[in-house]
Amino acid sequence: MKAFITPFRQRLRQFDPCLIVCTTLLSAVSVLLIYGLRDSPMAGGIAQFRMQLAATLTGIVAMLFISTLDYKEVVSKTWIPLIIAEIGILGITLLFGRAAGENKSWLTIGPVTLQPSEFVKLSYIITFSKHIDLVKEKINHPLYVLTLIAHSAAVISLILLSGDLGVALVYIGFSAVMLYCGGLSVFYFLGAGLAAGLAVPYVWPHLREDQQQRIIYGFTPEKDPLNRGMQPLMGRSAIMNGGLFGKGLNGGSVYKTLYACETDFAFSSLCEKFGMICGIAVLAVMCVLVVRLFMIAGKARDDCGCLLCAGIAGIIIIQTAENVGMCLARLPVVGITLPFISYGGSSVFAMYLMMGVAHSVRAGRVRYRYETAEPR
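Counting from 1 along the sequence shown, just add 4 to a position and that's the residue number in our numbering.
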């Protein structure tokens, strides 16, 4: 019994307490929020509360399991099969997936419906981290830059073909964060920005009319308040209706007529229920979480571990900024969830899998220091 307790205590010391506290607080707020939205005709009732609670609990278990693995060994042995798997699952979703609105991004397997792009985020972070690590000595050579672009394009193009522009933008964003942390010259980013600007006049005519309107009225929803601009304006109204301290768990009214009040506009519902003070507190916890991930990245025992944590931090930064921007009617509505807060079994479970990887990177540093310490 003693032999079991000692390793268990050592394992507990390897968990990062800051990550544990931040994710627990965010999940607690999320479960409470989804329960408070149970009476909204736009949400799924008490069934969504049960799903969110189940996804959170199973996610925590999965996080604890993944944290016990040696990420370095896992990455080295699985990164090539993962490349094949992520492209394969996205291709299957594109061919046989179920459409949700304008996006064909859901896959039904028996009684379970999943959003594969959420799980592919972790797979992509692993494979892209390994790819960058392999070419890090010559990462600024044009040939190696092209291989990295090809790697990203193989995944992101499939997501774009499914119609999920919002998720594709998230992938592009955290890929850029990983490339920057991997040592890619800032001149490549400036060149990419210039190329994107020059391409806009040629790409714009090829976008669907609904995509064009989403972008135009996403930045200026007041110009079409009864159609394309209605949802973001209602999201902002919900925030304003909550005031500083909110209407309470069972209070509020705007969320009942707000489409996607539990997913894309969870931040609006959160502020109406619990007030702007709670919304600011949630964003503060997100900031602490991101800073801690970058701290773990900076102290990782190798570049691959650093890139893994940087990619996870990039996802949280980009999704949070875009989601809050949508809710404030300042950015186009592109279907992005707020990490840990928005309803969604796939999203919550995938985020906890990523947290497990972050814990593994931190634990790897602790084990490395222990193994390399001089004997007394």
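There's no promise every hint is true.
Calculated pairs, EDC-like style, for lysine to aspartate or glutamate (alpha carbon to alpha carbon, straight line, at most 16 Å) [what the hints assert, rightly or not]:
(1) Lys140 / Asp306
(2) Lys76 / Asp228
(3) Lys303 / Asp43
Ranges of calculated distance between the beta carbons of each label pair, as one might list FRET restraints [unchecked claim]:
(4) Pro85 / Asp306: 28 to 38 Å
(5) Leu68 / Leu165: 12 to 22 Å
(6) Met234 / Leu73: 43 to 53 Å
(7) Leu57 / Leu99: 41 to 51 Å
(8) Gly252 / Pro21: 44 to 54 Å
(9) Thr151 / Thr82: 44 to 54 Å
In case anyone wonders, no lab produced these hints; they're calculated from the structure. We put the beta carbon where it would ideally sit given N, CA and C, even for glycine.
Hint-by-hint comparison with the structure:
| no. | hint | result |
| --- | --- | --- |
| 1 | Lys140 / Asp306 | holds, 12 Å |
| 2 | Lys76 / Asp228 | violated, 51 Å |
| 3 | Lys303 / Asp43 | violated, 46 Å |
| 4 | Pro85 / Asp306: 28 to 38 Å | violated, 21 Å |
| 5 | Leu68 / Leu165: 12 to 22 Å | violated, 36 Å |
| 6 | Met234 / Leu73: 43 to 53 Å | holds, 47 Å |
| 7 | Leu57 / Leu99: 41 to 51 Å | violated, 33 Å |
| 8 | Gly252 / Pro21: 44 to 54 Å | violated, 31 Å |
| 9 | Thr151 / Thr82: 44 to 54 Å | violated, 19 Å |
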